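Based on the sequences and whatever the hints tell you, model everything.
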Amino acid sequence: MNTSGTAARRPSQLFRNLNAKVASIPMILTALMVFLGGTVWTIVYSFTNSKLLPRLKFVGLDQYERLWSAPRWWTSIENLVVYGVLSLIFSLVIGFVLAALLDQKIRFEGVFRTIFLYPFALSFVVTGLTWQWILNPDFGVQHLVRAIGWESFTFNPLYDQDIVIYGILIAGLWQGTGLVMCLMLAGLRGIDEDIWKAARVDGIPMWKTYLFIVIPMMRPVFITTLVIIASGIVRLYDLVVAQTSGGPGGASEVPAKYVYDYMFLAQNLGQGFAASTMMLLSVAIIVVPWAYLEFGGGKRG
Amino acid sequence: MADVQTLNTVAVGTDPVTDRISGPRGAKPRPKLSRRNIFIYGTLIVVAAYYLVPLYVMVVTSLKGMPEIRLGNIFAPPVDITFEPWVKAWATACTGLNCDGLSRGFWNSVQITVPSVIFSIAVASVNGYALSNWRFKGADTFFTILIVGAFIPYQVMIYPIVILLREIGLYGTLWGLVIVHSIFGMPILTLLFRNYFSSVPEELFKAARVDGAGFWRIYFVIMLPMALPIFVVAIIIQITGVWNDFLFGVIYTKPDTYPMTVQLNNIVNSVQGVKEYNVNMAATILTGLVPLFVYFVSGKLFVRGIAAGAVKG
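The listed protein sequences correspond, in order, to chains H and C.
Start counting the first sequence at 1; every next residue gets the next number (the working numbering).
Start counting the second sequence at 1; every next residue gets the next number (the working numbering).
In short, the hints are calculated from the structure, not lab data.
Heads up, a few of these hints could be off.
FRET-style restraints, in silico, Cβ to Cβ [what the hints assert, rightly or not]:
hint: 1; chain 1: C; residue 1: R166; chain 2: H; residue 2: V145; range: 49 to 57 Å
hint: 2; chain 1: C; residue 1: E84; chain 2: H; residue 2: M217; range: 50 to 58 Å
hint: 3; chain 1: H; residue 1: W68; chain 2: C; residue 2: R166; range: 25 to 33 Å
hint: 4; chain 1: H; residue 1: P220; chain 2: C; residue 2: I81; range: 29 to 37 Å
hint: 5; chain 1: H; residue 1: S152; chain 2: C; residue 2: I38; range: 32 to 40 Å
hint: 6; chain 1: H; residue 1: W68; chain 2: C; residue 2: R35; range: 33 to 41 Å
hint: 7; chain 1: H; residue 1: P220; chain 2: C; residue 2: L52; range: 31 to 39 Å
Keep in mind that this is a model prediction, so the values were computed, not measured.
Where is the CB? At the ideal position from N, CA and C, for every residue including glycine.
Written out as structure tokens, the structure is:
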């Protein structure tokens with residue numbers, strides 16, 4: 001009976017599936033026209049000298065040469081590398097430690113989790129403006145410490161070209177660490193209780209159990225988290241715009257801002273396309289090996 | 001009985017029998033002032049304070065008058081509580097020539113968020129349904145492109161979308177932005193719905209097919225009512241995502257239709273006039289209220305939405 005039902009479904013699917021195809025038109029259009037088409041379009045036009053309007057006058061690698069000889073682009077890249085590496089390290093370490101602490105069968109776990117995660121619900125604009133205020137040298141942390149009596153105390157990251165990116169990092173970590181904690185906690189909860197029991201029976205200290213047993217077991221969670229954070233880092237834009245507007249003196253520029261400014265303010269589309277293509281390339285360097293490991297070679301959980 | 005603390009510190013040589021007895025009962029340490037507990041709770045409380053301070057500072061600042069802000073420090077509680085900054089931020093703060101406060105941005109954001117959430121979820125849920133139950137040739141290819149597209153920096157696609165929207169006459173309008181949000185919400189939402197519908201027992205679907213129900217009927221009568229929790233998760237993801245967006249708002253709308261985040265940034269970072277920090281902070285809180293509300297109300301579902309973002313196909 002059941003088989004006849006299935007058998008009847010197969011041939012009719014050729015016809016009936018028309019509905020599914022019609023329903024999938026938005027997805028097909030998005031995938032082909034925007035994601036695939038848009039990307040290819042931008043890459044192609046990055047080899048042209050489009051200014052105010054895109055036009056197909058190819059100039060080879062000119063835009064890229066100009067891009068890599070622009071000091072502003074180099075500053076952007078340096079900032080992104082500093083911000084990216086530090087925020088990866090700190091958010092993974094802090095996120096994991098917080099998750100491990102919350103996983104100790106403590107009281108008020110829900111309260112702590114709610115507190116650690118709430119900044120993630122806020123936008124980067126709100127985050128940036130809040131920290132702009134807290135780090136304000138005349139009113140914020142610096143002012144407070146000086147008022148207590150430490151007159152020479154200096155901490156004004158947002159007005160110091162050398163450390164401005166760390167000021168942004170503080171805000172970024174505040175906003176994003178809760179997410180990492182959440183993912184790590186889910187990973188920790190997925191670890192079999194028996195592992196802990198076995199480690200306890202063997203008398204292995206807790207920190208060793210974490211370091212040599214639990215963390216290696218959480219490899220997939222770590223990699224997924226890494227990819228999520230990394231692809232977010234490349235997009236870093238709102239936070240900088242809100243917190244420093246790229247200042248002081250362009251010291252906190254980032255690639256995404258470079259792209260926006262050249263496309264929509266400087267009316268130099270070609271530069272914007274070239275810069276965005278470089279961003280795509282950097283993401284590809286991160287994502288392609290991961291996708292290969294995850295989906296290509298050897299199936300992993 | 002040996003509790004977790006002693007087991008942690010004591011190395012090999014603990015009485016294995018005691019361990020085995022206490023083990024299955026789940027090592028639940030009674031609340032007591034052990035050194036371990038002080039360390040755990042101490043760390044958590046310090047970190048929690050760090051997370052809460054910005055919120056506290058924002059609220060406190062927004063309730064002070066400007067003279068008090070200039071004299072005191074930002075951590076001090078307000079002496080003279082005033083709600084004027086809130087009123088000003090909402091109703092009269094200026095961005096460029098418009099002096100009707102953040103309320104304009106708020107209503108724009110509402111007009112952007114509501115249709116974006118409905119439209120994107122409607123499209124993505126049908127996509128996910130088609131992908132899990134009505135696979136057609138090539139469907140997986142499109143889906144793969146969609147998922148890969150989630151990792152492509154938006155910057156690569158923003159200009160082609162400007163051209164597309166200009167061609168259909170929606171560039172600079174709220175509906176144009178709705179389309180953009182639906183496009184960029186599609187990968188994660190489609191993934192979410194596809195994974196959910198795939199977990200629905202196949203027999204149910206087959207039974208409905210035998211009874212002669214078609215694509216849309218099965219979707220509306222069987223799948224939709226079953227998937228309500230996942231719809232709630234999707235709504236949470238989309239409301240916070242769309243409301244918090246800045247980049248698309250700044251690119252695809254005009255000053256009259258700027259969403260709240262963009263307008264907030266323009267108010268606070270405007271170079272003209274005296275800086276009114278209390279108004280700025282009131283405006284900042286106002287902009288954060290909607291996602292914060294969603295966060296606190298949704299609780300566990302919000303976390304589930306985040307976890308969904310981490311789940312791979």
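Looking only at beta-carbon atoms, does the pair P220(H), I81(C) fall within the given range of 29 to 37 Å?
Distance hint for P220(H), I81(C) is violated at roughly 51 Å.
Does the beta carbon distance between P220(H) and L52(C) stay inside 31 to 39 Å, or does it fall outside?
holds, 32 Å
Verify the CB-CB distance for W68(H) and R166(C) against the hinted window 25 to 33 Å.
holds, 31 Å
Taking the Cβ atom of W68(H) and the Cβ atom of R35(C), is their distance within the range 33 to 41 Å?
violated, 55 Å
Starting from the range 50 to 58 Å, see whether the pair E84(C) and M217(H) falls in it by beta-carbon distance.
holds, 56 Å
Taking 32 to 40 Å as the stated bounds, is the beta-carbon spacing between S152(H) and I38(C) within them?
holds, 34 Å
Range agreement (Cβ of V145(H) with Cβ of R166(C), hint 49 to 57 Å)
Hint holds: Cβ distance 52 Å, inside 49 to 57 Å.
This entry does not satisfy hints 4, 6, going by the numbered hints stated previously.
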